[in-house]
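Colleague: In order, the protein sequences belong to chains A and B. Just so we're aligned, residue 1326 is where the first sequence starts under our numbering, counting upward by one. Just so we're aligned, residue 1326 is where the second sequence starts under our numbering, counting upward by one.
Any given hint could be a false lead.
Copies of one chain are not kept apart here, so a pair can be met inside one copy or by any two copies together.
To be verified - Result set (DSSO-like, lysine-lysine): computed pairs, CA atoms no more than 30 Å apart in a straight line:
id : residue 1 : residue 2
1  : Lys1711   : Lys1796
2  : Lys1810   : Lys1922
3  : Lys1932   : Lys1796
4  : Lys1353   : Lys1484
5  : Lys1922   : Lys1796
6  : Lys1810   : Lys1796
7  : Lys1743   : Lys1440
8  : Lys1392   : Lys1492
9  : Lys1922   : Lys1449
10 : Lys1449   : Lys1810
11 : Lys1899   : Lys1859
12 : Lys1639   : Lys1449
13 : Lys1859   : Lys1796
These are calculated hints, taken from the structure and not from any lab test. Keep in mind it's a predicted model, so treat the numbers as computed, not measured.
Protein chains: 2
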Amino acid sequence: MQFHLNGFHPGDPRFSDPQDAVVPPPIKRPLPQEVDVLIVGCGPAGLNLAAQLTQFEGIRVAIIDQKDDRLLVGQADGIACRTMEMFQAYGFADQIIQEAYQVNEAAFWKPSEQKPNEIARSSKVQDVADDLSEMPHLIINQARVHDMFLDVMRRSAAKLEPHYQRKLLDLEVDPQGGEYPVTARIERLVNYSQYTQEVETIRAKYVVGCDGARSSVRTAIGKELVGDALNQAWGVMDVLLNTDFPDIRLKSLIHSNNEGNMLIIPREGGYMVRLYIELDKLKENERVARDQMTPEILIAAANRIMQPYTIDVKEVAWWSVYEIGQRITTAFDDSEEGRPARVFLAGDACHTHSPKAGQGLNTSVMDTWNLGWKLAHVLTGRADEKILKTYSDERREYGQALIDFDREFSRMFSAKPKSADNPDGVDPAEFQRYFQLFGEYTAGVSIQYRPSIMVGEGTHQALASGLVVGKRFHSAPVIRHGDAKPVQLGHCHTANGAYRVYAFAGNQTPMSAECGVKALCDYLANDANSPLKKYTPADADPDAVIDLRAVFQQHHHEIERDTLHPVLTPRKGKYGLIDHEKVFCADNRPLSSGGGKNIYDMRGIDKSRGCIVIVRPDQYVADVLPLDDYAGLSRFFDGVLIEA
Amino acid sequence: MQFHLNGFHPGDPRFSDPQDAVVPPPIKRPLPQEVDVLIVGCGPAGLNLAAQLTQFEGIRVAIIDQKDDRLLVGQADGIACRTMEMFQAYGFADQIIQEAYQVNEAAFWKPSEQKPNEIARSSKVQDVADDLSEMPHLIINQARVHDMFLDVMRRSAAKLEPHYQRKLLDLEVDPQGGEYPVTARIERLVNYSQYTQEVETIRAKYVVGCDGARSSVRTAIGKELVGDALNQAWGVMDVLLNTDFPDIRLKSLIHSNNEGNMLIIPREGGYMVRLYIELDKLKENERVARDQMTPEILIAAANRIMQPYTIDVKEVAWWSVYEIGQRITTAFDDSEEGRPARVFLAGDACHTHSPKAGQGLNTSVMDTWNLGWKLAHVLTGRADEKILKTYSDERREYGQALIDFDREFSRMFSAKPKSADNPDGVDPAEFQRYFQLFGEYTAGVSIQYRPSIMVGEGTHQALASGLVVGKRFHSAPVIRHGDAKPVQLGHCHTANGAYRVYAFAGNQTPMSAECGVKALCDYLANDANSPLKKYTPADADPDAVIDLRAVFQQHHHEIERDTLHPVLTPRKGKYGLIDHEKVFCADNRPLSSGGGKNIYDMRGIDKSRGCIVIVRPDQYVADVLPLDDYAGLSRFFDGVLIEA
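Next up, chain A with everything else stripped away, as it sits in the complex:
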């Protein structure tokens, strides 16, 4: 898709008239008096949490923000592969793929050896390694990501819309406060005569602060950001431009000899580009105070850095100066010894870092992707509130790791290039190696949660070496048995809060007496300890809490439907209709027909013994077990679910 040719306009680029491209703000209305979850902040963390909670019917949510309306311009733009995998669970990955810029290669530029005042290309490298993810690395205005979450919320049964122009004044948590222990006072920033109340009070079971680096929720629970106070300043601008720089449609990392460093990020629509310019590295006499910064100064700096190339900026769609230290909050919730958490923090409210590795939005949405289903399980009575402790345990460690990474990445990015004059500088080749080494990290797929009640020890990891316990389920292609459709197995993981149990069969005849999947199905269907039986409410679909799927090695023509165990053809909904999408076969098609990708080979699954892979609702592998480890399977669910 090409757009923004005649100037940047926010909203859905499919509309010809910019006036129609933006959904109008919701009708002004008072806040509800009581909710299950109050979310403070309509950034990516808050909207993702709201979108996740609206997937559970009956959970009452309010989400507030000080802003007048939805975000339209600026802020983040990098969407990591892992984030796209999450978008897939909501069903809007395809739309993002259609609109976004896809990062295929990165170009590295360094001072020319012949003319040190000019830059020269050092190399071009593939941006996303083969089979890192089935999803691409994309660049798109954060506002469009918000739009997608808002659409999910609006289309849900709750038809949730944010309450804008609301400012949190204070929070009070009463441990003896009964069902709604948190009371929040909220100021209406714009008042109309028909509303007599300027401050509204709302009571909530839980409050989640997604309200950014200056979080009021964090202040209210007495936490603070600690860490490196040494702010680095970056100028950032979204521009429509012409240039003779040859890699303007590639992500380009530019180190100049004496003029500083910059990052070029091509943007959606084919014409727009984001520039990140490191301001601290500008020459002394070219630095200006933040409040005197102008786009013209940034453009001039860019032109000096990228000599002999020049940019001719036609329109500045948005610009800003970031000054951000690497800091992390002392705690991700308000829990104390013996008192479970009632207030949580997520996103920039917990951790701040530089924008250039593109980790801000991606980390923020992963915070609430971790928290959302856990809150929902507690609120719907599926799980005890002890599971909420894992949120802080899992995400705080990752927040710290992110800051460590960002510090090193920033150091290397900001260092002067190594040269005859500067032998202690960073070798651009070394920076490039670092960039590639951390490709998994920046793509978001290297996160590995530690063992806990919801992550196993990895005792049986060898049965599926490529589906790592604690890491996200790494999807691979399979053929769906019922309709012979080539699909990604990981796309079973819709954002509905269910655990997935994959039964990967060994090489025995499917559903024969020797078949381990058949025996597992018998256990799940009949045994008193079957987690399917114990944890599925009587009025729920059989796959509502634990969604069982089977994968076989044989060609799909070798398995007849009438041989499938009934738990693999569950009856659902008001009519008891059979679901035909629970059974898959390895893709045995030749490479020339689009196949050649066998999930057993790709993910190191034991072809003789098969295995069970338990996947959490947030797509992380909870455990890998032998196919006949029924006790282990039941024990896992006994630890995280409550009997229906």
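Here the structure of chain A is known, so what remains is to put chain B in place on it, guided by the hints.
Modeller: What follows is chain B alone, placed relative to chain A:
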């Protein structure tokens, strides 16, 4: 995507509340008094034409229908690969792919040899041959296709909405009628007190009758459907059901020995199925008159045909009886010797046939896909109205071929299976061979328009043997030079009415003195006969009328942007921004990285000499020429365009 579990609901399945899933009808308003094009009928032919015309700013269109509102249920459901290629040009193919059922295999069932009263599977075959199209064969409610066209219309600059509840009374064409020679009288079917006028008069430059088999437009211009009056009756129903039939999620063609034949088409959402039941083949005593037909009778017939399997229908979402002969209209327009056409017919108004080969919707949209851009070129002054004659020439031949195919397909489908008792019957294996043989035909990709002013003779076909003159441009993967993105070359063909000129380079060094693409670019940029210079209006973007693209054999790293000819980096829009998406390279990646598909090999392009491929706005190959055949290139455009 799974949906319809708890019953069928029309509209966008992404909405939880069915009330929100359907866009409300447009505001009632009077018809305009004068338009460029009046379209009668909001079926797929009419909506596609309207959507196409709204891509041209300034063309005034009205589209009317007798119905109260948009279609919600029933009618066609098969979307051929070729139709998906067209949807791609509008930008909504991805959304259809996400929602639809994908036909991967077809199952053939015949009487069991052991138990002739029962059916047994004869075989399963791949439905779409490898590399037939980059698009899948899909099944989705026709209503959703209408929704997509309506979205395209609504998002356009014209913001076009249909006028519903309008019935065409009569048409009058005055050859001396000046600018608006056609006058139509239209009755408002529902009147409100504020409207005093019950019959509206609208004057148009052109009228297109997309008003179905009983077309009023056809009657008004004195044409009629002729052909086989022997109607075949088919019962059709969309149902939610459970069954023990093993291939219920595959397209299944079932021939029973004595109970008749049926066709099972799995539908979108995972639970719904369409059944086609041949009523004439029911036993004498089971036949009923059409007005006494009920869903219960159809269900009983299905259960008899598919013995030993049974269906348990939980909900009938829609049902109907089709009685359709194979007929075609005597002419596709009202032209006479010396008098150009002012009124056109398209879709079922021109040709009717059985629904079972899934050709109705697909042929109808291809009619107006052929007509739309031609009308737009005439109305915007790009072309002389002589080009309109090619519509009837091209489509009438295809309409006749369709009817011939349908007659043979129907005969084979309806014949009794060959058996000991019935040695003259059709061998199911023969039927299957026929089905596969005609896979290209039913996918819509075998259409080949004959030589005309806009289709060449194929003199130089050998330069690109797989891009057949007169057939649709067969897409293949390439790497886009500017951003290293793997894309389908055919997806350059957006529905904007531009001709595409592909310059496939030979194996000379790109843009060197020997490079034929460079020489062609020089000609196009500088020569007085250059069609780019002659036919592009001064105020239009350089690619608005003729969109030049180049493809090279070398790896994209071997071509630097500053070597590209300026006509390949055109400046567009109000800022003169450079378009970086005009140059492509063959995909030289290994199979293991998703590559292995070189467009030169796939489409038989001469690697030594290269070639020019001219593609019409409707994606059909107009001609293949030597790279240095500048005269041939200019001659082609001199025949179809008017100097700007």
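Colleague: None of the hints should be skipped; say for each whether it holds.
Modeller: Right, here's what the structure says about each hint:
1. Lys1711 to Lys1796: Cα proximity of Lys1711 and Lys1796: one copy only (22 Å, versus 65 Å across).
2. Lys1810 to Lys1922: Answer is both; intra-copy 14 Å and inter-copy 22 Å each pass.
3. Lys1932 to Lys1796: within (22 Å within a copy, 47 Å between copies)
4. Lys1353 to Lys1484: This pair counts as both: shortest intra-copy Cα distance 15 Å, inter-copy 28 Å.
5. Lys1922 to Lys1796: Close inside one copy (21 Å), not across copies (33 Å); limit 30 Å.
6. Lys1810 to Lys1796: Both: 27 Å inside a chain and 29 Å across chains, each within 30 Å.
7. Lys1743 to Lys1440: within (15 Å within a copy, 83 Å between copies)
8. Lys1392 to Lys1492: within (9 Å within a copy, 50 Å between copies)
9. Lys1922 to Lys1449: Result: close both inside a copy and across copies, 28 Å intra and 22 Å inter.
10. Lys1449 to Lys1810: Cα proximity of Lys1449 and Lys1810: across copies only (14 Å, versus 36 Å in one copy).
11. Lys1899 to Lys1859: For Lys1899 and Lys1859, the Cα distance is within 30 Å only inside one copy (21 Å; across copies 65 Å).
12. Lys1639 to Lys1449: within (27 Å within a copy, 59 Å between copies)
13. Lys1859 to Lys1796: For Lys1859 and Lys1796, the Cα distance is within 30 Å only inside one copy (27 Å; across copies 60 Å).
Going down the numbered hints, you'll see the structure goes against none, and every one checks out.
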